[in-house]
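> These are the residues of each chain, in order.
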Amino acid sequence: MQNLIDNFFAYTITGLTIGAVYALVALGYTLVYGVLRLINFAHSEVFMYGTFAALWVVMLLGGRPGAGVGQVVFWVAMMFVAAMAMSGFIAVLLERVAYRPLRKRNAPPLIALISAIGASFVLAEIMGLRSRITGWVGLDDNLRDYVRNSRNNAGMPTIIAPQPIFTVGGYHVTNVDVFVIVGAIVIMIILDQFVKRSRLGRGIRAVAMDPESAALMGVNRDRVIQVTFLVGGLMAGAAAVFYMLKIGITRYDAGFILGVKAFTAAVLGGIGNLRGALLGGFILGLAENYGSAVVGSQWKDVVAFVLLILILLFRPTGLLGESLGKARA
Amino acid sequence: MSTTTSAPAAPKKSSPGFRQRVDNLPKAVKIALWVVFAIFLFLLPLLNIPFITTEGSDFGGVLFTVATYVLVALGLNIVVGYAGLLDLGYVGFYAIGAYTIGVLTSEHAHMSWVVVVPIAIVVAMISGIILGAPTLRVRGDYLAIVTLGFGEIVRLTLVNSEWLGGAQGISDIPKPPGFELFEVPSIDWSSGAPVVDLDTTSTFLKFGINDFVPYYWLALGVISLVLLFDILVKSSRVGRAWEATREDEDAAELMGVPTFRFKLLAFALGAAIGGLSGALFATKAGFISPDSFQLLLSILFLAAVVVGGAGNRWGVIVGAIVVSYFPERFREFADFRVLVFGLALMLLAIFRPQGLLPPRRTVRAKRADDRQAVLEEGEASV
Chain A
1 MQNLIDNFFA
11 YTITGLTIGA
21 VYALVALGYT
31 LVYGVLRLIN
41 FAHSEVFMYG
51 TFAALWVVML
61 LGGRPGAGVG
71 QVVFWVAMMF
81 VAAMAMSGFI
91 AVLLERVAYR
101 PLRKRNAPPL
111 IALISAIGAS
121 FVLAEIMGLR
131 SRITGWVGLD
141 DNLRDYVRNS
151 RNNAGMPTII
161 APQPIFTVGG
171 YHVTNVDVFV
181 IVGAIVIMII
191 LDQFVKRSRL
201 GRGIRAVAMD
211 PESAALMGVN
221 RDRVIQVTFL
231 VGGLMAGAAA
241 VFYMLKIGIT
251 RYDAGFILGV
261 KAFTAAVLGG
271 IGNLRGALLG
281 GFILGLAENY
291 GSAVVGSQWK
301 DVVAFVLLIL
311 ILLFRPTGLL
321 GESLGKARA
Chain L
1001 MSTTTSAPAA
1011 PKKSSPGFRQ
1021 RVDNLPKAVK
1031 IALWVVFAIF
1041 LFLLPLLNIP
1051 FITTEGSDFG
1061 GVLFTVATYV
1071 LVALGLNIVV
1081 GYAGLLDLGY
1091 VGFYAIGAYT
1101 IGVLTSEHAH
1111 MSWVVVVPIA
1121 IVVAMISGII
1131 LGAPTLRVRG
1141 DYLAIVTLGF
1151 GEIVRLTLVN
1161 SEWLGGAQGI
1171 SDIPKPPGFE
1181 LFEVPSIDWS
1191 SGAPVVDLDT
1201 TSTFLKFGIN
1211 DFVPYYWLAL
1221 GVISLVLLFD
1231 ILVKSSRVGR
1241 AWEATREDED
1251 AAELMGVPTF
1261 RFKLLAFALG
1271 AAIGGLSGAL
1281 FATKAGFISP
1291 DSFQLLLSIL
1301 FLAAVVVGGA
1311 GNRWGVIVGA
1321 IVVSYFPERF
1331 REFADFRVLV
1341 FGLALMLLAI
1351 FRPQGLLPPR
1361 RTVRAKRADD
1371 RQAVLEEGEA
1381 SV
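Protein chains in written order, with our numbering: chain A, 1 to 329; chain L, 1001 to 1382.
To be clear, the hints were calculated from the coordinates, so they are not data collected in a lab. No residue lacks a Cβ here, since even glycine has one placed at the ideal position from N, Cα and C. Please note that a few of the clues may not be correct.
Said to hold, decoys possible - Not the full set, but computed from the structure, chain L residues with beta-carbon under 8 Å of chain A:
no.: 1; residue: P1026
no.: 2; residue: V1029
no.: 3; residue: A1032
no.: 4; residue: V1036
no.: 5; residue: A1144
no.: 6; residue: E1152
no.: 7; residue: A1303
no.: 8; residue: W1314
no.: 9; residue: D1335
no.: 10; residue: L1339
no.: 11; residue: F1341
no.: 12; residue: L1343
no.: 13; residue: I1350
Stated by the list, open to error - Going by beta-carbon spacing under 10 Å, a handful of chain L positions derived as facing chain A:
no.: 14; residue: P1134
no.: 15; residue: V1238
no.: 16; residue: L1295
no.: 17; residue: L1297
As the list claims (entries may be wrong) - To be clear about the criterion: a stretch of chain A counts as covered by chain L if any three or more of its residues have a C-beta under 8 Å from a C-beta of chain L, and this derived list gives those stretches:
no.: 18; segment: 242-255
no.: 19; segment: 278-289
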């Protein structure tokens, strides 16, 4: 407990940065849950592919520590472009291959979960076997730096050196922390406005509320679902960039635990609710860090899950309720 | 198993299906067939049938693993298939069963295996009730994530508790007491034709460390008991209450079914069977650590149930065999096992969404739906 009081701000800032990543990934779960009422189990891999895209583009552009400001901005911008493109593409592909055929056949929701689990395995394994796969097509020499040790951690050079910007209660808040937290909030606001104001956003909300009536009113359901997956993927891509800037290490199975946490965040805030995902992400990040300060960092994940169970018991629809779709008791 | 797998193809329109043909046989023949089949299953590890037998890993051990998966699938089927509760943390109960054995026979006490197994079942059942009592009130999708969290909590608690052996786990779990009644010879195929090999034998119920066949026999015995229990419960009032709850909870409640109590019962029974399989696993392995209870295992268990056809006990058995046996058989492609497994799950979901052997009810319901759809379209075109 003393530890928490002494380092309160350190835990708070760390919790907020990791919470921002949770929140962005949680949006993908929430959006898909809103329109399809299913848990997109493979969304964690969408995020993981984003982290690799961000990593590879930095390697390709020769990213290194200690470069000038202009260059760093360019690198980070390219990270966003690459990661969001990659994650968006994977998410849309996923919808095409793993979900659409099932929807056409009116499969029960449980089977969609199985299909998603299968897709998740396939995506993770392709990344884990990338050295073998490039070997078959004879590209392993050219791509050696990108594919070697494909079962191990892949690290990114720290292109933004963490520098303290200001100090809160003895903790030096770095530029990376500020960038991640502010960046995530800005992206959330853009998304919120997109769903609220744009034509496609209205379509998403309509399908979430009542798919059949929406179809009768002329909403192209398949297209809306595709856009929803794309948006979720873009968010995961952005999260991947923040994750790589803050943590800097990824792996073929890096998505799994983060995905579970992000889903927890989505449920915490009220699944199907965009602002709920933001709130849930930050609360989960904070709770996890405060909890680990009190009971020891090895219990971090336990704290997160216990919190989830408690919230569901006392407030089964999450903190903010389920607003994107209608709540189904 | 080939007799069972051919069943789904059989029920066509006019020709008598596999099931009817079996049903029409005289009772004596049926019993004889069952006995032959049971003997075949018991002798399977010793027959060493080419192609089926796994090379590189001990076939008896592989069959034991398959048998534990079958047991787990039967237990999870009660939760997922009968009561319709999505459980993603089933490995938690499996771990609790295994650790009860570990703690009471090796780590902190040296009680007899025969006494500890019932304790393991009871402990797992109680943990099922403790988890279920508060969480079964939340609705389906959330239950999935709560149980997933539970599975992780159990595993992380095991990793972090020194009392439970921490990350090193528990070793030296004693073998169950056995007796040496008679020896069963195995069959040798190395010359191309089957020859009885009197040198390689398995002693009936001697639980050693080299020969895993007796463990497989033990597991088969347990499976038959659980299966019998499953058949009795499913066809009783309880089974009907589960079915009603699964199909429409509100309607069931209105009809006077105390749905919460029956859901809790399903959860507790499922947990008990999960604990039992965990106990068997710990017995055979002799060593357990938190690594044996990864979240992935829960997902494999669920995959076994859904692949086979949730709600049909024979289906989930087939599913468990598919999920556990094929990765062992095709070990030479070890690197690509998970990839192929993932692809198989996706293909299955698309082309056989009801599972390999769906319950007869589901088949009937689907046919009724199709008829309804034809009728509705017909009306629309008039």
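> So, against the hints stated earlier in the document, which numbers end up violated here?
1, 2, 3, 4, 8, 15, 17, 18, 19
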